[in-house]
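Protein chains: 2
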Amino acid sequence: MVNDIELNKRQKHILEIVKDHGPITGEAIADQLNLTRATLRPDLAILTMAGFLDARPRVGYFYTGKTGSQLLSDKINKIRVEDHQSLPVVVNESVSVYDAIVTMFLEDVGTLFVVDEHSTLVGVLSRKDLLRASIGKQELNTIPVNIIMTRMPNITFCLKEDLIIDVANKLIEKQIDALPVVKKTNKGYEVVGRITKTNITKLLVALSNDEIM
Amino acid sequence: MVNDIELNKRQKHILEIVKDHGPITGEAIADQLNLTRATLRPDLAILTMAGFLDARPRVGYFYTGKTGSQLLSDKINKIRVEDHQSLPVVVNESVSVYDAIVTMFLEDVGTLFVVDEHSTLVGVLSRKDLLRASIGKQELNTIPVNIIMTRMPNITFCLKEDLIIDVANKLIEKQIDALPVVKKTNKGYEVVGRITKTNITKLLVALSNDEIM
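Quick mapping for you: the protein sequence lines, in order, are chains U and E.
FYI, the UniProt record's numbering numbers position 145 of the first sequence as 145, with every residue one higher than the one before it.
FYI, the UniProt record's numbering numbers position 194 of the second sequence as 194, with every residue one higher than the one before it.
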């Protein structure tokens with residue numbers, strides 16, 4: 001069973017020639033290999049179809065810089081936030097830490113977004129933030145969430161048009177579990193979605209099941 | 001720029017013929033299309049190289065059931081836990097909930113594994129478990145973690161030889177953030193690793209950067 005695009009020796013040789021001498025015509029490649037253009041036709045077709053080479057009329061073949069698996073990563077690099085985001089769960093900045101914890105359990109999410117009276121994003125609360133607060137000495141019923149939340153401009157957010165892979169990179173880099181998906185308004189940013197490591201994990205499962213086109 | 005393997009009309013026609021009549025020889029395919037075997041050679045080569053068709057000597061071509069994107073899913077479906085796991089963080093079953101929370105912060109993990117005196121896995125503690133306990137009425141310094149942990153046999157675990165995608169499916173299905181990677185011993189299971197949604201997110205980033213072979 002052929003699972004991957006495996007190139008034969010001649011195809012690899014052609015790739016090397018085009019890398020070194022491209023753009024180069026089919027005839028010139030054939031000359032270098034002491035073969036006829038007709039003999040090379042299937043190999044050139046395969047290399048072009050598979051995306052290793054590209055051809056322009058009256059210019060010749062050139063190397064696209066892509067390896068077999070780069071063609072696969074191209075697919076991942078086209079997937080956008082809007083197709084994989086979840087609904088956001090928000091609390092007002094005046095609610096208590098205790099109420100935020102209760103909301104987190106009721107809604108079964110790991111991150112809450114905090115908004116002001118204009119529904120504008122002002123903060124983010126993670127399970128870690130709430131756990132830290134809960135072992136402190138303060139009374140959870142009396143501290144408002146805006147005391148313990150991460151606040152603007154330290155919030156990492158994304159837009160629905162952004163690439164999922166950029167979000168995945170931000171989640172790793174900032175060591176956070178979720179990003180708000182926002183829309184710019186005249187007051188600031190409105191929260192329109194949530195994207196989490198769970199969404200990313202589901203995406204990998206969907207890719208493995210060949211459910212993403 | 002050709003980013004994906006795009007089939008032309010004749011190649012799609014060949015695929016249909018092989019789906020319906022395979023295994024079928026190149027000559028028989030050529031007959032159905034009123035073309036010569038030589039004319040079809042590049043198309044059959046492309047379809048075979050790209051993994052859509054497979055060929056067996058003296059049998060002919062048959063359909064592998066794979067689409068272009070199935071080649072990506074094939075790649076994902078070969079990746080194993082051992083290449084992407086993290087180090088586990090364990091606590092003894094006799095430590096207090098308070099000490100477990102402190103360990104979670106010091107080690108900066110979202111899940112702790114609980115072991116007995118033989119280093120055998122007996123429980124799992126998530127941030128959610130600890131947060132739930134922390135808003136209860138009990139004194140966190142006096143409750144041992146074995147009162148609040150998820151315990152065997154309710155722990156979902158995996159082996160280092162398991163496929164990452166099976167772990168990803170379990171994380172989604174069980175709505176958990178991490179699994180212990182275990183090794184069977186004569187006492188039960190020893191914890192040898194940890195695999196989380198963060199590991200899965202990093203894997204997607206690595207796939208998108210073409211870092212996984």
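Don't take each hint at face value.
Since copy identity is lost for identical chains, a pair holds within one copy or between any two.
Claimed, not checked - Straight-line C-alpha distance at most 20 Å; calculated SDA-like pairs for lysine to any residue: (1) LYS78 - VAL59; (2) LYS170 - ASP31; (3) LYS160 - TYR63; (4) LYS202 - ASN169; (5) LYS160 - THR64; (6) LYS19 - ARG56; (7) LYS78 - LEU15; (8) LYS187 - GLY136; (9) LYS78 - GLU27; (10) LYS184 - VAL122; (11) LYS174 - LEU106; (12) LYS137 - LEU87; (13) LYS128 - VAL192; (14) LYS19 - ARG80; (15) LYS170 - GLU211; (16) LYS9 - ILE79; (17) LYS184 - ASP116; (18) LYS128 - SER96; (19) LYS184 - HIS118; (20) LYS75 - LEU106; (21) LYS137 - VAL81; (22) LYS128 - ARG151; (23) LYS174 - ASN209.
None of these hints come from the bench; they were simulated from the model.
A quick note: this is a predicted structure, and the numbers were derived from the prediction, not measured.
When no copy is named, should LYS78 and VAL59 be tagged within, between, both, or neither for a Cα gap of at most 20 Å? neither (29 Å within a copy, 39 Å between copies)
With 20 Å as the alpha-carbon cut-off, assign the pair LYS160 and THR64 to within, between, both or neither. neither (30 Å within a copy, 37 Å between copies)
LYS128 and ARG151: within-copy, between-copy, both or neither at 20 Å Cα: within (15 Å within a copy, 23 Å between copies)
Is the C-alpha distance from LYS160 to TYR63 at most 20 Å within one copy, between copies, in both cases, or in neither? Close neither inside one copy (33 Å) nor across copies (39 Å); limit 20 Å.
Within, between, both or neither: how does the pair LYS128, VAL192 come out at a Cα-Cα threshold of 20 Å? neither (23 Å within a copy, 25 Å between copies)
Using 20 Å as the alpha carbon limit, work out where LYS184 and VAL122 are close: within a copy, between copies, both or neither. Within one copy only: 13 Å inside, 48 Å across.
What label fits LYS174 with ASN209 when the C-alpha limit is 20 Å: within, between, both, or neither? Between copies only: 19 Å across, 29 Å inside.
Could you figure out if LYS78 and LEU15 sit no more than 20 Å apart (CA to CA) within one copy, between two copies, both or neither? So LYS78 and LEU15 fail the 20 Å test inside a copy (26 Å) and across (27 Å) alike.
As a check of your reading, is LYS174 near LEU106 (CA-CA no more than 20 Å) within one copy, between copies, both or neither? For LYS174 and LEU106, the Cα distance is within 20 Å only across copies (17 Å; inside one copy 27 Å).
From the Cα coordinates, with 20 Å as the cut-off, is the pair LYS128 and SER96 best called within, between, both, or neither? both (16 Å within a copy, 18 Å between copies)
Given a CA cutoff of 20 Å, do LYS184 and HIS118 count as a within-copy pair, a between-copy pair, both, or neither? For LYS184 and HIS118, the Cα distance is within 20 Å only inside one copy (13 Å; across copies 56 Å).
Can you tell me if LYS170 and GLU211 fall within 20 Å by alpha carbon in one copy, between copies, both or neither? Between copies only: 18 Å across, 25 Å inside.
In summary, the structure is inconsistent with hints 1, 2, 3, 5, 7, 8, 9, 12, 13, 14, 16, 20, 21 from the numbered list given earlier, while agreeing with the others.
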